[in-house]
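Asks: Using the hints provided, position chain P relative to the given structure of chain L.
Chain order of the listed sequences is L and P.
If you count the first sequence from 1, position 112 lands on 112 in my numbering, and the numbers rise without skipping.
If you count the second sequence from 1, position 2 lands on 2 in my numbering, and the numbers rise without skipping.
Simulated from the structure, these hints should not be mistaken for laboratory data.
Glycine residues also receive a C-beta, built at the ideal position from the N, C-alpha and C atoms.
Check before you lean on any hint, since a few could be wrong.
[Claimed, not checked] Here are some of the chain P residues that sit facing chain L, going by a computed Cβ distance under 7 Å:
#1 L17
#2 G20
#3 M37
#4 I41
#5 A44
[Claimed, not checked] For lysine to aspartate or glutamate, the following EDC-like pairs were computed, each having C-alpha atoms within a straight-line distance of at most 16 Å:
#6 L:K100 - P:E53
#7 P:K75 - P:D58
#8 L:K95 - P:E13
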Amino acid sequence: MLESLKHKTILVTGASSGIGRTTAILLSLYCDNIIITARREKELNDTLLMMKKGNHQVIVADLKQTSEIEHLAKTIPSIDGWAHCTGKVLPVPVKFIQQKHYEDVFQTNYLSAVYLLSHLLKYNKLNANSSIVFISSISTLHSYFGGALYTSSKAALESYARTVALELAPKKIRVNVLQPALVRTNIYEDTVNAAMNEEEIKKYEKQYPLGIGDPQDVANMIVFLLSNASKWMTGTFIKMDGGLTLGFNKSD
Amino acid sequence: MDIQEFIQRLENEFEDLPKGTLKPDTNYRDIPNWSSMHALIIIAFADAQFNVELTASDLRNANTIQDLYDVIKSKMQS
Chain L
1 MLESLKHKTI LVTGASSGIG RTTAILLSLY CDNIIITARR EKELNDTLLM
51 MKKGNHQVIV ADLKQTSEIE HLAKTIPSID GWAHCTGKVL PVPVKFIQQK
101 HYEDVFQTNY LSAVYLLSHL LKYNKLNANS SIVFISSIST LHSYFGGALY
151 TSSKAALESY ARTVALELAP KKIRVNVLQP ALVRTNIYED TVNAAMNEEE
201 IKKYEKQYPL GIGDPQDVAN MIVFLLSNAS KWMTGTFIKM DGGLTLGFNK
251 SD
Chain P
1 MDIQEFIQRL ENEFEDLPKG TLKPDTNYRD IPNWSSMHAL IIIAFADAQF
51 NVELTASDLR NANTIQDLYD VIKSKMQS
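So that you can see chain L by itself, here it is in the shape it has in the complex (with noise of 0.2 Å):
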């Protein structure tokens, strides 16, 4: 049923790394027209030299603007799919959330979804069949210390996603959302590496019964939904977490 992605064109926001940078990688095995999106130009060039060729296009934009947002919906030919995969990750711990940390995380995390979707919609850009994967978190149901905002955009982006497919199902747009656990990605990198020992990292892996999980894991999920194979899916929301919230992991 992958092959169904082949004549569809594909958005793929926040490219420029980690989940994104996966997808359409992954995605370009099988559909000829994507389009990339990130803010950063030359991480973005790097994503299209490692993605299978095709008629891909790369559009340099910063989703946290509002002005990049319409610019951006305008400019690009009507999809088929988005797979909305811009992300910010912030620890800050309750005590020190100031409103500088909120919109960081709320315009990256959940506004970018909003408002490209409405000019998306706005502009007609939208092919009927479409489908929309956003990423979401675990966290928003397993929380950890200092992810008050992250955990919290999230679980905005969820609630707004049930509404959304709810709305867009007489024109057949489907929507899902994925909740990843922890993947091995730069902000896995940064966040994990910078806070934590060696010792904790390694008790942190143990909660993971399949262990921490790779950019590839959520991309082919991603791939799935993007395609016709899922076409009976919408407002599903799936947990992908090597087991973390099963319960307590046996310990050595």
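Replies: What follows is chain P alone, placed relative to chain L:
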């Protein structure tokens, strides 16, 4: 701000830490019950009090309280 004042302010943030525990040559990772939460507090403390953004590598490269003070101070000037 000298290092004594810096230490006082930092100790205020670690609520579970008896005053006078930190010295300039203390390795901050040896603070009793050190956890990733303390690292987050240090990053947030530098941000809130000095408007300095400490990166992951800043923290990796700093071992003692003096190191922390130095990196924050140098970033305040730049």
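Asks: Under the constraints set out in the numbered hints, which ones does this structure not fulfil?
Replies: Violated hints: 1 and 2; rest satisfied.
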